[in-house]
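What follows is each chain in one-letter form.
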Amino acid sequence: MDRGGSLLDTIVAQATPSGFGAVALIRLSGSRAVEIAGLLMHEDAGAMAGWADRTSRLRSLYRPGSGSGEPVDHALVTVFRAPGSYTGEDVVEISTHGGHTIPGSVVAACVALGARQARAGEFTQRAYLNGKIDLTQAEAVADLVAARSSQGRAVALHQLERGLGERIATLRGEIIGLSALLVQHIDFPEEDDAPTPLETVAAQARKVGRDIDRLLATAPSGELLREGAVTVLAGRPNCGKSSLFNALLGSERAIVTDEPGTTRDAIEAVVEVDGFPFRLVDTAGLRGDAGRVERLGIEVARRYLAGADVVLYCREAGRPPGRAETDFLASLTSPVVVVRTKWDLATEGDTGDDHAGRGGGSALPGTRGETPTDAEVPVSVRSGSGLEALKEVLRDLAFQGVVENRAEVPVVTSRRQADLLKVARDEVEGFGEALAGGIPPEVASAHLKAAESALEEILGVISTDDVLDRVFRDFCIGK
Amino acid sequence: MRLRYDVIVVGGGHAGTEAAAAAARMGAKTVLITPDLARIAQMSCNPAIGGLAKGTVAREVGALGGVMPQATDASRIHFRMLNQSKGPAVWGPRAQCDRALYPIAVRRILDGLENLDLFQEMVTGLHIDGGVRGVETRGGVTFEGEAVVVTAGTFLRGRIHVGGAAAQGAGRAGEGPSIDLAEALEARGLEVARFKTGTPPRIDGRTVDYSRCERQDGDDQPFRFAFYTREPLLKQMPCWITWSGTALKDIVTRNLARSALYGGEISGQGPRYCPSIEDKVVRFPDAARHQVFLEPEGLDTTELYVNGLSTSLPPAVQLEFLRSIPGLEGAMITRPGYAIEYDYFPPHQLNHALEVRSMPGLYFAGQINGTTGYEEAAGQGLVAGANAALAVLGGDRFIVERDQGYIGVLIDDLVTKGVDEPYRLFTSRAEFRLLLRQDNGPSRLGTLARAVGLLTSGQELALEERLREESRAMVWFRDYTLSPEAANPVLDAAGSEPVKHPKRARELLRRPRVDARALLMAAGGEAPDFDPDVLATVEIDAKYEGYVRREAERARRLREQANFAIPEDAPFSTFATLSSEARQKLTRIRPTSLAQAGRIPGVSPADLQNLVMEVRRMHGLPASRGVGAARG
Numbered sequence: 001m002d003r004g005g006s007l008l009d010t011i012v013a014q015a016t017p018s019g020f021g022a023v024a025l026i027r028l029s030g031s032r033a034v035e036i037a038g039l040l041m042h043e044d045a046g047a048m049a050g051w052a053d054r055t056s057r058l059r060s061l062y063r064p065g066s067g068s069g070e071p072v073d074h075a076l077v078t079v080f081r082a083p084g085s086y087t088g089e090d091v092v093e094i095s096t097h098g099g100h101t102i103p104g105s106v107v108a109a110c111v112a113l114g115a116r117q118a119r120a121g122e123f124t125q126r127a128y129l130n131g132k133i134d135l136t137q138a139e140a141v142a143d144l145v146a147a148r149s150s151q152g153r154a155v156a157l158h159q160l161e162r163g164l165g166e167r168i169a170t171l172r173g174e175i176i177g178l179s180a181l182l183v184q185h186i187d188f189p190e191e192d193d194a195p196t197p198l199e200t201v202a203a204q205a206r207k208v209g210r211d212i213d214r215l216l217a218t219a220p221s222g223e224l225l226r227e228g229a230v231t232v233l234a235g236r237p238n239c240g241k242s243s244l245f246n247a248l249l250g251s252e253r254a255i256v257t258d259e260p261g262t263t264r265d266a267i268e269a270v271v272e273v274d275g276f277p278f279r280l281v282d283t284a285g286l287r288g289d290a291g292r293v294e295r296l297g298i299e300v301a302r303r304y305l306a307g308a309d310v311v312l313y314c315r316e317a318g319r320p321p322g323r324a325e326t327d328f329l330a331s332l333t334s335p336v337v338v339v340r341t342k343w344d345l346a347t348e349g350d351t352g353d354d355h356a357g358r359g360g361g362s363a364l365p366g367t368r369g370e371t372p373t374d375a376e377v378p379v380s381v382r383s384g385s386g387l388e389a390l391k392e393v394l395r396d397l398a399f400q401g402v403v404e405n406r407a408e409v410p411v412v413t414s415r416r417q418a419d420l421l422k423v424a425r426d427e428v429e430g431f432g433e434a435l436a437g438g439i440p441p442e443v444a445s446a447h448l449k450a451a452e453s454a455l456e457e458i459l460g461v462i463s464t465d466d467v468l469d470r471v472f473r474d475f476c477i478g479k
Numbered sequence: 001m002r003l004r005y006d007v008i009v010v011g012g013g014h015a016g017t018e019a020a021a022a023a024a025r026m027g028a029k030t031v032l033i034t035p036d037l038a039r040i041a042q043m044s045c046n047p048a049i050g051g052l053a054k055g056t057v058a059r060e061v062g063a064l065g066g067v068m069p070q071a072t073d074a075s076r077i078h079f080r081m082l083n084q085s086k087g088p089a090v091w092g093p094r095a096q097c098d099r100a101l102y103p104i105a106v107r108r109i110l111d112g113l114e115n116l117d118l119f120q121e122m123v124t125g126l127h128i129d130g131g132v133r134g135v136e137t138r139g140g141v142t143f144e145g146e147a148v149v150v151t152a153g154t155f156l157r158g159r160i161h162v163g164g165a166a167a168q169g170a171g172r173a174g175e176g177p178s179i180d181l182a183e184a185l186e187a188r189g190l191e192v193a194r195f196k197t198g199t200p201p202r203i204d205g206r207t208v209d210y211s212r213c214e215r216q217d218g219d220d221q222p223f224r225f226a227f228y229t230r231e232p233l234l235k236q237m238p239c240w241i242t243w244s245g246t247a248l249k250d251i252v253t254r255n256l257a258r259s260a261l262y263g264g265e266i267s268g269q270g271p272r273y274c275p276s277i278e279d280k281v282v283r284f285p286d287a288a289r290h291q292v293f294l295e296p297e298g299l300d301t302t303e304l305y306v307n308g309l310s311t312s313l314p315p316a317v318q319l320e321f322l323r324s325i326p327g328l329e330g331a332m333i334t335r336p337g338y339a340i341e342y343d344y345f346p347p348h349q350l351n352h353a354l355e356v357r358s359m360p361g362l363y364f365a366g367q368i369n370g371t372t373g374y375e376e377a378a379g380q381g382l383v384a385g386a387n388a389a390l391a392v393l394g395g396d397r398f399i400v401e402r403d404q405g406y407i408g409v410l411i412d413d414l415v416t417k418g419v420d421e422p423y424r425l426f427t428s429r430a431e432f433r434l435l436l437r438q439d440n441g442p443s444r445l446g447t448l449a450r451a452v453g454l455l456t457s458g459q460e461l462a463l464e465e466r467l468r469e470e471s472r473a474m475v476w477f478r479d480y481t482l483s484p485e486a487a488n489p490v491l492d493a494a495g496s497e498p499v500k501h502p503k504r505a506r507e508l509l510r511r512p513r514v515d516a517r518a519l520l521m522a523a524g525g526e527a528p529d530f531d532p533d534v535l536a537t538v539e540i541d542a543k544y545e546g547y548v549r550r551e552a553e554r555a556r557r558l559r560e561q562a563n564f565a566i567p568e569d570a571p572f573s574t575f576a577t578l579s580s581e582a583r584q585k586l587t588r589i590r591p592t593s594l595a596q597a598g599r600i601p602g603v604s605p606a607d608l609q610n611l612v613m614e615v616r617r618m619h620g621l622p623a624s625r626g627v628g629a630a631r632g
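Top to bottom, those sequences are chains A and B.
Following our numbering, the numbering of the first sequence begins with 1 at its first residue and continues without gaps.
Following our numbering, the numbering of the second sequence begins with 1 at its first residue and continues without gaps.
Bear in mind the hints are in silico, worked out from the structure with no lab data behind them.
The beta-carbon is built from N, C-alpha and C at its ideal position, and this holds for glycine as well.
Wrong hints could be hidden among the right ones.
Stated by the list, open to error - Derived DEER-like restraints, expressed as beta-carbon distance ranges:
(1) B/R588 x A/E433: 41 to 47 angstroms
(2) B/T246 x A/G438: 37 to 43 angstroms
(3) A/R416 x B/R357: 35 to 41 angstroms
Looking at chain A on its own, in the form it has when it is part of the complex (with noise of 0.2 angstroms):
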């Protein structure tokens, strides 16, 4: 193999955010990623080459062209050389001082000396186009940086750790094994060993579907856990959803999105409840837009409404439902919260009734005769009462699933993935039918290699004669 890569140039990044933190980390990779260093470090190229893998040294930065004056930075320097680095070229990491300009200047240097700006993601590109991550991974990578919540990126760093590529691999490992035992009964039909029954090839088929089965079980959390929960607020005007909106945001880390095309519908926002993501919609704020106004006096991006995880419904308290929220809310098929908004106006001057709202976490007075009931929670954001209670009933209505399944990770993350293994085990199932319908074997095996291919594709890896070498390993074979 040749040195990973070394046909492409040199590429340079700060790994860690832009000033953030005491330190920050940058990242050289390439051909030319242990001179530019030396450069930097007015090292020669035989000192470099001195330079063990792996270690760390402490070294004076310097501009270039700025000769053995004031270095710009002092620098824990470590050097890894191809292939056992994360790209699989020559890397090179500077632990810098953090803040924004040190870093900026050391990128700055190296660029001067030859480096290219890495774009985004060029060093998980670079990874896998040397061997050094498959597909799975790769897209573990994109998604852990994106990933929107502690849930999701615990998720995507199993998936990293070869969590996911790891389960399918055994699965196609199980399929060529499928494969194996009817080449024995094709190919060598007069050998020592006598073929496996036909049935035992189809029990173990249909184990390996319902393998899949499990596996495509954790997509819908997969999709869950990487876009977020998506939870819709509806309610009559001024019933309090900007209030709740902006409370569920202003309590936790979030992002309120720009994304083109959301903006012009609803307001979207991204937060994170007990670590799960949550993606908030609310049409507040666009009431002049006529069109959002629904003829029942409710209003709701209707275009989410379809798609939603869970809808919250406001109702100011004291406020009996219509007729028309009650149709409205009959016709909905994702779970519904409605939560009893301005409660803390509605128990003014009245204490006393020790009623606990669903949830159980924070109990509010019921007032003026009101009492929620269980499908109800009660929510004052003046006072952030009922907050707390309301996250638990979302958490458990968006990631009950999630948090059952908890046992199942690896989790399929993306809608190619999940695609692909439909795939396989559509194919998978139809070979258990095809032999079950007197098709023979060697006209059903066509199911498994469909099979094992899109499970190749997964990987974005491709087999040769792995059958072949299966059937040789495992069986004596030949005269």
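For this one, chain A is given, so just place chain B on it according to the hints.
Just chain B now, with coordinates in the frame of chain A:
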């Protein structure tokens, strides 16, 4: 002496004879040069043609007008259709041949070709001046010609090993190696590597106690390999089966150090599917017993080929282990087994016409390309000979595609993937197993052969008759209606539900286990008779229609990819979006189509997508317009 020919074939084995015959049939003035004309088309290994995939190849050679099936029919003394308990898509015809009669039959066919001369001499060198100009022989005769097919088998620097004795240079037991030619080719800068293979001992059948062996007779139904000719059926002989047990295992284990294979004298890689008895004992120590086939060597000899006991142990040990086997207690060896090591030229150096890429006009076929097997050699010989003739006479290259024949699979595997052990065909190497069957050679390849001029006029007539019979049979099954009275006994025998109303024959044939011939018989006197091949074709077409269509669809997609051409001079090493492994492999193999690139191990689907992009960029086309890079 100087002689001039269009096509010069070096070597007279299974590759050489097919190459010479193909070139001659196409009208090229052809000479076949071999060191010993009495040993043309020898069966160096077991006296059998065919088997799974290999039987289909033998028949493909026939569909293309070749020699092997006709010679097999003329010398067969035992025939079995393997896998008959399975669907007709994976039937494998295999014949035991009379080892003496097979070469005589080949010689008779070659002598019937008007454009072909035979010449006995060892070729020692090549004349190359810009391109190939001819060959030089040991006796100083010069053959001039612009197309040379080298089919040197195991003779290139061949060395025979029998345990306990010093290795000796030999191309086959009793025949000298070809050293000068090997050196001449290597001096031209070709990469050389070494393989090994082995043979078992042969014994005198008069010393076998057959009462302790299991008799295996051939099929009752006579079968012919050739599509276009008929040969008389000789007397048929049985094979015998016995089993080696723990006694043999002990003897082999005790003497392992004396084996040339295990004593470290042999370095080349041997085939996993044809293990020596030493390999079997070492690699599968738990196997209680191994099958031993005793195959008749011919009608006029008592010799038997002991298949399953390939070895390079000393002759005394061979005798000892043989005598531990039931039925062979008093066996006498007539010829000890041996291992042979030989040069081959890693076949990634060839293009799909089997022409050496760096030396236009020079073609390689057979074991010299790292393959084993008479059938694999014959298939390559035919393609190399046809292309040599086309190069001289003018015309496009003759390529069998992967969806057209096992010959196509074989050559594409060789050229695209290379070999790391002696290459043998298996049905599992083909992605279009349902299309590549032993029964349908004429429609797959016959028409192709006719178009390129590979068939004699007699063969063309036979092909046309066969194709007409196929369509008559298709029409009969499509249109003929069987009454419930006629159909139900057939359905009952197949364990299938009876019918209440008349049904078309093809509808009934779609059901599992319902046999085409049984339906014909049920139709009584009204039904015509059809060749067994033709019936198999009709039956597969009816029973597995969906699967066959799906395969044909995959084949079509692959063709689409094959149409995406990659320039011969594509600078793969500079395609930065490809993985380093893919760049390296593509540079070495130099695929000329996307389909071919997709079959190279180490080239991933993502690499293929990017390859499309890079090639488009090379042409100054927008990189994004997609050619589906999914694998066929």
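Structure-based check of all given hints:
1. Separated by about 43 angstroms at the C-beta atoms, B/R588 and A/E433 satisfy the suggested range of 41 to 47 angstroms.
2. Between B/T246 and A/G438 the C-beta distance comes to about 41 angstroms, which sits within the given range of 37 to 43 angstroms.
3. Evaluation of the 35 to 41 angstroms hint for A/R416 and B/R357 yields a pass: the beta carbon distance comes to about 39 angstroms.
The structure shown violates none of the earlier numbered hints.
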